[in-house]
Amino acid sequence: MGDAEKSDPQAVRFRAFVSYSHADATIAQKLHRKIETYRLPQHLRDRESEDADNGRLGRIFRDREDLPAAEDLSESVKQALAGSEALIIICSPDARGSKWVAREIELFRALHPGRPVLAALVRGEPEESFPPSLLDGAEPLAADLRKEGDGWRLGFLKIVAGIAGVPLDALVQRDASRRIRRVMAVTGGALTALLAMIGMTIFAIQSRNEAQHQQAEAEGLVEYMLTDLRTELKGVGRLDVMTKVNERAMDYYEDQGDLSDMPAESLERRARILHAMGEDDEKRGDLDKALAKFTEAHRVTEALLARDPDNPDRIFGHAQSEYWVGYVAYLQRDWTKVAKNWNAYSDLASKLISTNAKNSSWLREAGYAEGNLCTLQIIGQRNLTQALKHCKASLDHMSQALMYSDSKAQSIRFDIVNRHAWLADIYKKLDQLNDERDQLAKGLTGISSLLRQNPKHSEYWGVWASLKMGSVTNFKALGQQAEARRDKEEALIKINELIELDPSNREWTAIKQVILKTK
1 MGDAEKSDPQ AVRFRAFVSY SHADATIAQK LHRKIETYRL PQHLRDRESE DADNGRLGRI
61 FRDREDLPAA EDLSESVKQA LAGSEALIII CSPDARGSKW VAREIELFRA LHPGRPVLAA
121 LVRGEPEESF PPSLLDGAEP LAADLRKEGD GWRLGFLKIV AGIAGVPLDA LVQRDASRRI
181 RRVMAVTGGA LTALLAMIGM TIFAIQSRNE AQHQQAEAEG LVEYMLTDLR TELKGVGRLD
241 VMTKVNERAM DYYEDQGDLS DMPAESLERR ARILHAMGED DEKRGDLDKA LAKFTEAHRV
301 TEALLARDPD NPDRIFGHAQ SEYWVGYVAY LQRDWTKVAK NWNAYSDLAS KLISTNAKNS
361 SWLREAGYAE GNLCTLQIIG QRNLTQALKH CKASLDHMSQ ALMYSDSKAQ SIRFDIVNRH
421 AWLADIYKKL DQLNDERDQL AKGLTGISSL LRQNPKHSEY WGVWASLKMG SVTNFKALGQ
481 QAEARRDKEE ALIKINELIE LDPSNREWTA IKQVILKTK
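Letter by letter, the sequence shown follows residues 1 to 519 of the numbering used here.
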C-alpha cells in the first residue's frame, strides 16, 4: 500500500470488489453474502480491528445495476475499485465475454499492481472461463467452486484466505474441527440420560415450531411478491424490478434443498414464480426461456393435481400452467398445441366453477378460458361465429365475477374492458362497424374510469392506447376523419411515453407500429 493510502483512512473502503457477468448474478450475490458474514478464527484475527468487526472480513462491493446501458464504468464503480483491497472475479464463459469484467480487472490492476486478484471458477473450464485480461499479468489466485473442482466449501475458504492473507490450512483445520465438534455433540447427546433426552426433545420441538414459523413468514413474503408487489410493479411498468423480485423469491426455494420434501403449497407457489418469470421472459421476446419455465411449472402442477384431483388450489395451479404453455404455442402459431392446452385450461376452469359457482376468482378463470378460445378462433382457426360465442361467454363470466367480487373489483373491471376490446375486433372482422363502435366506446369508458382512480397505471394506459388505435380505424371506416386524426394523435403521444418508460415492452412497441401504419 502506498504512502498516500496510508495517510488517508478513507482510501480503502471495501475489503474486496466482486466482478461478475449478469448471468452469474445469483452466485455473486451468494458469495457476497457468505464472505461478509464469515468470521475468522480467533487466533487469525487482526487485533487492531477485532473489537470493531468481531472477526468479520469487512464490506464487500458488488454492483451491476447501471452498466448495461453505460459506455464506461460508472464513477461509483471506479471509486469502489480504487478503494478495494482485493478483486474477486466470478469466472464463467459469460464473464470471459463481458467487457465490463475486463474493464474492472484492467482498472484494478492499474490502480493496485500489488493487491490480490482472486479467480472464482463457477462454470466452464478455465481456458473458456478466465477473461483474457485476468491472465495478462501476475497469475491470479484461483478457487474452483465447481462440484468437480474444489467444491463450494474448500473453494470458498480459498477465497477467504486470499482476502484475509491467512494460511488456507488454518481455515481448513478450523472448518474440520467445527464439523467434528458437531458430530461429537450429536453422538454425546444420543448417550445422555433420559432427562437430557427429554430436554433435547423439548428443544427440538421448539426449534421445529420456530422453523415452521419462519418458513410461514418467508412464504408469506413470497406470496406478497407474487401478488400485491407484482401488481404494483406492473402498474408502473418496471419489468426489470419484477424480474429481480422473482429471482429473489426463487432463491428462497433453491436454498431449501430437496424439493421433494416440500409441502404441496410450497411447490405450487414455486410453480407460480416460474409462471411469473416465464411471463417476464416472454415480454422480452425470449420464448425459449419462457417455455422452459412454463414446462417445468406444468410438470410440477400436473403431479400435484394427480395427487389431489378435487382440490381447487391444485386445479387452479395446473390451469395456469396449461394456459402459459398454450400461450407460447400461440405466439409460435402452433394452433394444434394451442387448442390442446387452452381446451384443457377451459375444462379445469369449468371444474373450478363446479366447486363453487359464486366464487369470483373461479368465474374469472372461466372468463379467461373463454377469452382464450375466442382468440384462438379469431386468429388460428378463423371461425368468427365461434369466436363471437366464446367472447360473449367470456364477458358474461367476467360480469358475474364482478357481481360476486369484493376486493378484486378493480382488476375485474379491467378484465371486462379487455372483453369489450376483443368483441370490437370480432365485429370489425364481421364488418359490423356500429357494433364495433359500441364495444370500443364501452371499453374506453371502462378504462378511462380505471385511469381516473389510478392515473399512473402504465398497463391501463397500454390498453387505452390499444383501444384508441382501434377507434382510429373505426372512425375512418365510418367516414369520421377528424375524430380518427384526434384519436391517432392522442394514442401516439401516450404510447411514446410508455415506450420511454420501458423500451423492452414488445406489446407497446407493436401498438406504436400499428398506429404509425394507420394512414
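Incorrect hints may appear among the rest.
Unchecked claim - Keeping only pairs whose Cα atoms sit at most 20 Å apart, straight-line, the calculated EDC-like set for lysine to aspartate or glutamate is: (1) Lys351 to Asp431; (2) Lys337 to Asp347; (3) Lys34 to Glu106; (4) Lys476 to Glu507; (5) Lys517 to Glu507; (6) Lys519 to Glu500.
Claimed, not checked - Beta-carbon label-pair distances, calculated as ranges: (7) Pro113 to Arg33: 23 to 31 Å; (8) Thr445 to Ser354: 42 to 50 Å; (9) Lys147 to Pro41: 22 to 30 Å; (10) Ser504 to Leu433: 51 to 59 Å; (11) Glu125 to Thr26: 17 to 25 Å; (12) Lys456 to Pro41: 25 to 33 Å; (13) Ile493 to Arg333: 56 to 64 Å.
In short, the hints are calculated from the structure, not lab data. A virtual CB, placed ideally from N, CA and C, is assigned to each residue, including glycine.
Hint by hint, work out which the structure violates, then give me just those numbers in ascending order. 1, 3, 4, 6, 8, 10, 12, 13
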